[in-house]
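In the order they appear, the protein sequences are chains X and G.
Taken in order, the first sequence gives residues 1 to 113; the numbers are from the working numbering.
Taken in order, the second sequence gives residues 1 to 112; the numbers are from the working numbering.
These are computed hints drawn from the structure, not numbers from a lab.
The model shown is predicted, which means the values in this text are computed figures rather than measured ones.
A couple of the hints might just be wrong.
[Stated by the list, open to error] Straight-line C-alpha distance at most 16 Å; calculated EDC-like pairs for lysine to aspartate or glutamate: (1) X/LYS78 <-> X/ASP26; (2) X/LYS100 <-> G/ASP26; (3) X/LYS100 <-> G/ASP56; (4) X/LYS73 <-> X/GLU29; (5) X/LYS110 <-> X/GLU29; (6) X/LYS100 <-> X/GLU10; (7) X/LYS70 <-> X/ASP81; (8) X/LYS100 <-> G/ASP73; (9) X/LYS73 <-> X/GLU61.
[Unchecked claim] Partial selection, computed: residues in chain X whose CB lies under 10 Å from chain G: (10) ALA16; (11) VAL19; (12) PHE35; (13) GLN39; (14) ASP81; (15) LEU84; (16) GLY85; (17) ALA87.
[Unchecked claim] Just the calculated beta-carbon pair ranges, DEER-fashion: (18) X/GLN56 <-> G/THR110: 40 to 50 Å; (19) G/MET27 <-> X/GLN57: 38 to 48 Å; (20) X/THR105 <-> G/THR110: 19 to 29 Å.
Backbone N, C-alpha and C fix where the C-beta goes; we use that ideal spot for every residue, glycine too.
Each chain, letter by letter, is given below.
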Amino acid sequence: AQTVTQSQPEMSVQEAETVTLSCTYDTSESDYYLFWYKQPPSRQMILVIRQEAYKQQNATENRFSVNFQKAAKSFSLKISDSQLGDAAMYFCAYLSGTYKYIFGTGTRLKVLA
Amino acid sequence: NAGVTQTPKFRILKIGQSMTLQCTQDMNHNYMYWYRQDPGMGLKLIYYSVGAGITDKGEVPNGYNVSRSTTEDFPLRLELAAPSQTSVYFCASSVVWNTEAFFGQGTRLTVV
């Protein structure tokens, strides 16, 4: 069975600095998708970034980028120029053809002014 | 554009009571999902649907039922509520299975 592990329950970053959130996963499949979702205090999950496993190129969305290492089964999220509005829970998620997201336990990101 | 709307936002149930959590989406998405989120945990899939009239079990379906009579609506029924069902429930939808899932704001359910 697939699993997703986020080993950092909580991280802090100074405003305007860069922070990296870690995620590892375990799967025997070759075709899958990886996501980072943000959950602010409002509770609503919001997509941050999506990576297709068959693509070598790391996905980027403005200040958010990933380091996707398929062989190592690692999918970290880098947030550059951190802003107060980035403070939230961040969930790494795995998705394959079974339609079922597998979520990690989340990393709470605190942004310090 | 409302997206995914869940009602109610909060609810307290007594053990043994039943209730239905409502979910509706206005994006004409075929895929819809119900998740629960327990404290300190990620989301776990309860049920999902790939289109009207088609539903299937997820990881934690026991104690729940769903129906999908229309593309827009995907209600989740709790029968005989138990304290173990205390959780935050999220409904989500996606246009295709491997694209972004759009989530509702969640329902915080407490069973006492």
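Each hint tested on the structure:
no.	hint	verdict
1	X/LYS78 <-> X/ASP26	violated (21 Å)
2	X/LYS100 <-> G/ASP26	violated (22 Å)
3	X/LYS100 <-> G/ASP56	holds (11 Å)
4	X/LYS73 <-> X/GLU29	holds (11 Å)
5	X/LYS110 <-> X/GLU29	violated (34 Å)
6	X/LYS100 <-> X/GLU10	violated (26 Å)
7	X/LYS70 <-> X/ASP81	violated (26 Å)
8	X/LYS100 <-> G/ASP73	violated (19 Å)
9	X/LYS73 <-> X/GLU61	violated (21 Å)
10	ALA16	violated (28 Å)
11	VAL19	violated (20 Å)
12	PHE35	holds (8 Å)
13	GLN39	holds (9 Å)
14	ASP81	violated (24 Å)
15	LEU84	violated (21 Å)
16	GLY85	violated (18 Å)
17	ALA87	violated (18 Å)
18	X/GLN56 <-> G/THR110: 40 to 50 Å	holds (47 Å)
19	G/MET27 <-> X/GLN57: 38 to 48 Å	violated (28 Å)
20	X/THR105 <-> G/THR110: 19 to 29 Å	holds (22 Å)
Going through the hint list in order, the structure does not satisfy hints 1, 2, 5, 6, 7, 8, 9, 10, 11, 14, 15, 16, 17 and 19.
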